[in-house]
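**Student:** Produce the entire structure from the sequences given, and follow the hints as far as they go.
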Amino acid sequence: MTTHVVVNLLQALFVLLFAPLAKGVLNRLKERFQARRGPPILQPYYDLWKLFHKDEVISDRASWVFRFTPYVVFAAPLLVTLLIPVLTAYPLFMAFMADMVGAGFILALGGFFASAAAIDTGNPYGAMGASRTRMVGFLVEPIFMMIFFTVSFIANSTIPYLVQQRWVESSAAFFAPAHLLVMVAFVMIILAETGKIPVDNPSGDFELAMIDEAKNLEYSGRGAALMHWGGSMKLLVLMCVLLNVLVAPWGLARSTAALEVLLAIPLIAFKVLLFVVVLAVIEASLAKLRLFRIPEFLGAAFVTVFVALIVQVFTA
Amino acid sequence: MSLSVVASLNTLFGVLFLLTTFMMLALRQTQAILHAYVAQALLLAASTVLLAIASGSTELAIVALITLVAKPVLVPVLIVRLLAPALRAKREVQAVINVPAALSLALAISVLAYFVTQPLLPGADPIVQVNVPIGLDVLLLGVVMLAIRREAVPQLMSLMVIDNGAFFAGIAITTSSALVEFAAALEGVMVVMIVALLTRTIARFVGSTEVGALSALRERSTR
Chain B
1 MTTHVVVNLL QALFVLLFAP LAKGVLNRLK ERFQARRGPP ILQPYYDLWK
51 LFHKDEVISD RASWVFRFTP YVVFAAPLLV TLLIPVLTAY PLFMAFMADM
101 VGAGFILALG GFFASAAAID TGNPYGAMGA SRTRMVGFLV EPIFMMIFFT
151 VSFIANSTIP YLVQQRWVES SAAFFAPAHL LVMVAFVMII LAETGKIPVD
201 NPSGDFELAM IDEAKNLEYS GRGAALMHWG GSMKLLVLMC VLLNVLVAPW
251 GLARSTAALE VLLAIPLIAF KVLLFVVVLA VIEASLAKLR LFRIPEFLGA
301 AFVTVFVALI VQVFTA
Chain E
1 MSLSVVASLN TLFGVLFLLT TFMMLALRQT QAILHAYVAQ ALLLAASTVL
51 LAIASGSTEL AIVALITLVA KPVLVPVLIV RLLAPALRAK REVQAVINVP
101 AALSLALAIS VLAYFVTQPL LPGADPIVQV NVPIGLDVLL LGVVMLAIRR
151 EAVPQLMSLM VIDNGAFFAG IAITTSSALV EFAAALEGVM VVMIVALLTR
201 TIARFVGSTE VGALSALRER STR
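So the protein sequences, as listed, match chains B and E. Taking my numbering, I'd label the letters of the first sequence as residues 1 to 316. Taking my numbering, I'd label the letters of the second sequence as residues 1 to 223.
These aren't lab readings, by the way, just hints derived from the structure by calculation. Owing to the predicted nature of the structure, the values given are computational and were not obtained by experimental measurement. Where is the CB? At the ideal position from N, CA and C, for every residue including glycine. Hints are not guaranteed to be accurate.
Residues from chain B shown here face chain E by an in silico Cβ test under 7 Å; the list is partial [unchecked claim]: (1) 177; (2) 295; (3) 296; (4) 299; (5) 300; (6) 303; (7) 306; (8) 307; (9) 310; (10) 311; (11) 314; (12) 315.
Far from chain E, some chain B residues (derived; all Cβ distances over 10 Å) [said to hold, decoys possible]: (13) 2; (14) 16; (15) 34; (16) 36; (17) 40; (18) 63; (19) 67; (20) 90; (21) 98; (22) 124; (23) 137; (24) 158; (25) 206; (26) 207; (27) 250; (28) 281.
**Tutor:** Right under this line is the structure:
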C-alpha cells in the first residue's frame with residue numbers, strides 16, 4: 001500500500017516535471033524542421049520560472065472563476081495521472097476510482113473552466129477563443145465516445161490498466177485492424193484537443209486566428225504559469241494514454257521493485273520523446289486548416305473510429 | 001503462412017481498403033482523389049496476391065497479376081495521360097452535398113452493408129466474412145460518390161471504386177474458375193479509356209469537365 005502511494009506520487013512528479021521538457025523538445029524540433037534554430041529545449045522551464053516571479057495583474061471586473069481557473073487547469077491533468085499507467089503496468093491504489101470516461105471528464109472540467117474564465121474578463125478575443133474551443137470540443141466528444149465503445153468491445157473494460165493488459169497480451173491483438181484504427185483516431189484527437197497544427201497553430205501571434213491560446217491572453221504572472229504548465233501536462237497525459245494504454249505498453253515497470261520503477265522513468269521519457277518527433281513531423285508537414293474545415297478533419301477521425309467499431313462488432 | 005495470419009492480414013488490407021474509399025469521398029482535389037485511388041488499388045492488389053498465395057490457385061494468381069498491372073498502374077497512367085489538364089486544375093471539386101453530410105451518409109451505408117450481409121455470413125470462411133461486407137460497402141460508397149460529385153474525372157474514379165468493391169468481394173468467393181474476375185480485372189481499363197475519351201471530348205466542346213454544370217440546356221444563338 002505504502003509503496004503504491006509512493007509510486008503514484010512518483011508518477012505525478014514525473015508528469016509535473018517532464019511535461020515542460022516534452023513541450024520544449026517539440027517546439028525546438030518544429031523550428032529545426034523549418035530550418036530555424038529555435039529556442040533551447042529548456043525554454044519552457046525558464047518561462048515558468050520567469051512567470052512565477054512576476055506580479056500578477058487581474059482585471060477588477062474578473063470574478064472568482066478567473067482566479068480559480070488556473071488551479072483547476074493545473075490540477076486536472078495531475079488527477080488524471082492517478083488513474084492511468086504512466087510508469088507502472090500494474091494498477092495503483094487509485095486505478096479503479098474512475099475509468100477512461102472519468103479521466104476524460106476530469107480533463108474536460110479543466111477545459112470548461114478555461115472557457116468560462118476566458119469569457120469572464122470581457123476580453124473579446126477570449127470569448128472568441130472560448131467559443132471556438134467549444135466547437136472543437138463538441139466535435140471531439142463523439143469521437144472519444146466511439147473510442148471508448150470500441151475499446152470496451154475489445155477489452156471488456158474501460159479501466160486503462162485492464163485495456164493495456166488486454167492489448168499487451170498478444171501481437172495478434174496489436175495488429176488487429178480495430179486497434180490500428182483506434183490508434184490513428186486517437187492521434188488525430190490529440191492534435192485537436194491540445195491545439196496542434198492542422199486544427200490550431202500554437203505558435204501563432206495573431207489573435208483573430210487563435211483557438212486555444214486566445215483563452216490565456218488575460219493571464220499574467222502566476223496564473224499564466226499555471227495555465228501553461230497545465231496545458232503541457234495535458235499534452236503529456238494524453239500522450240501517456242496513447243502510448244502506454246493504446247499503442248506500446250513496453251517499458252513500464254512490472255513489479256514494485258524500486259530499481260525497476262526508477263528504470264521506467266527514462267524508458268517512458270524516451271518513448272514520449274519518440275512520439276514528440278512524430279508530432280513535430282505532423283506539425284511541420286501540414287498547414288493549419290481553415291476554421292470551417294476542422295469539422296472535416298474531425299469527421300475523418302470519426303469515420304476512422306467508426307470503421308474500427310463496425311469491424312470489431314461484426315467480425316469478432 | 002498459417003490461416004490465422006492470412007485472415008488477420010486480409011482483414012487489415014480490407015479495413016484500409018475501406019478507409020481509402022472514405023478518403024476519396026472526403027477529399028476535394030482531383031489529384032488527391034487520384035492518389036487515394038492508387039492507394040486503394042494497391043491494397044486491392046495486395047489482398048488479391050495474398051489470397052492467391054493462401055489458396056494456391058493458379059487462376060487467382062493470374063487474376064492477381066492482372067490486377068497488379070491494370071488497377072494501380074494502367075488505370076492511373078491512362079487517366080493522367082488523357083486528362084492531364086483536368087487533373088492539374090488546383091480548384092476544389094464541387095459536390096452536391098458537403099463533406100460532413102457525405103461522410104455521415106457513408107457511415108449509414110456502411111452499417112447497412114454490414115447489416116444486409118449478416119445472414120449470409122455465419123459458418124462462412126473467415127476471409128469471406130471480411131470481404132463480402134467490405135466489398136458491398138465499397139461498392140455502395142462508389143455509387144454515393146458517383147451521385148454527389150459534379151465533375152467527370154472524380155466520377156470516373158467513382159466508377160473504378162464500384163468496380164474495386166465488387167472485385168474485393170469476388171476474390172474471396174471464387175478460388176477456382178475465376179473467369180469472371182479475369183474479365184472484371186481487364187474491363188476496368190476499357191471503362192477508363194472510353195469514359196476518359198468521352199470526357200476529353202466534352203472538355204473540348206464545353207471547355208470544362210464540370211458535368212454538374214451541364215444540366216441546363218442552352219441554345220446556340222443563331223444571330
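**Student:** Please go over all the hints and tell whether each is borne out by the structure.
**Tutor:** Quick rundown of the hints versus the structure:
1. 177: Where the cut-off is 7 Å and the nearest Cβ of chain E is about 4 Å from residue 177 of chain B, the hint holds.
2. 295: holds, 5 Å
3. 296: OK, holds: residue 296 of chain B within 7 Å of chain E, min 5 Å.
4. 299: With a minimum Cβ separation of about 5 Å from chain E (threshold 7 Å), the hint on residue 299 of chain B holds.
5. 300: holds, 6 Å
6. 303: holds, 5 Å
7. 306: holds, 5 Å
8. 307: holds, 6 Å
9. 310: holds, 6 Å
10. 311: holds, 6 Å
11. 314: holds, 5 Å
12. 315: Holds. Min distance 6 Å.
13. 2: holds, 44 Å
14. 16: holds, 38 Å
15. 34: holds, 24 Å
16. 36: Residue 36 of chain B is indeed farther than 10 Å from all Cβ atoms of chain E, at 28 Å.
17. 40: holds, 38 Å
18. 63: Holds, since 37 Å exceeds 10 Å.
19. 67: The claim holds: residue 67 of chain B sits with its nearest Cβ about 39 Å from chain E, beyond 10 Å.
20. 90: holds, 29 Å
21. 98: Check passes; 30 Å lies beyond 10 Å.
22. 124: At about 28 Å from chain E, residue 124 of chain B clears the 10 Å cut-off, so the statement holds.
23. 137: Answer for residue 137 of chain B: holds, closest chain E Cβ roughly 17 Å.
24. 158: Since the minimum Cβ distance to chain E is about 22 Å, residue 158 of chain B lies beyond 10 Å and the statement holds.
25. 206: For residue 206 of chain B, whose nearest Cβ neighbour in chain E is about 25 Å away, the distance exceeds 10 Å, so it holds.
26. 207: Fine: 28 Å to the nearest Cβ keeps residue 207 of chain B off the interface.
27. 250: Answer for residue 250 of chain B: holds, closest chain E Cβ roughly 21 Å.
28. 281: holds, 19 Å
Going through the hint list in order, the structure satisfies each hint without exception.
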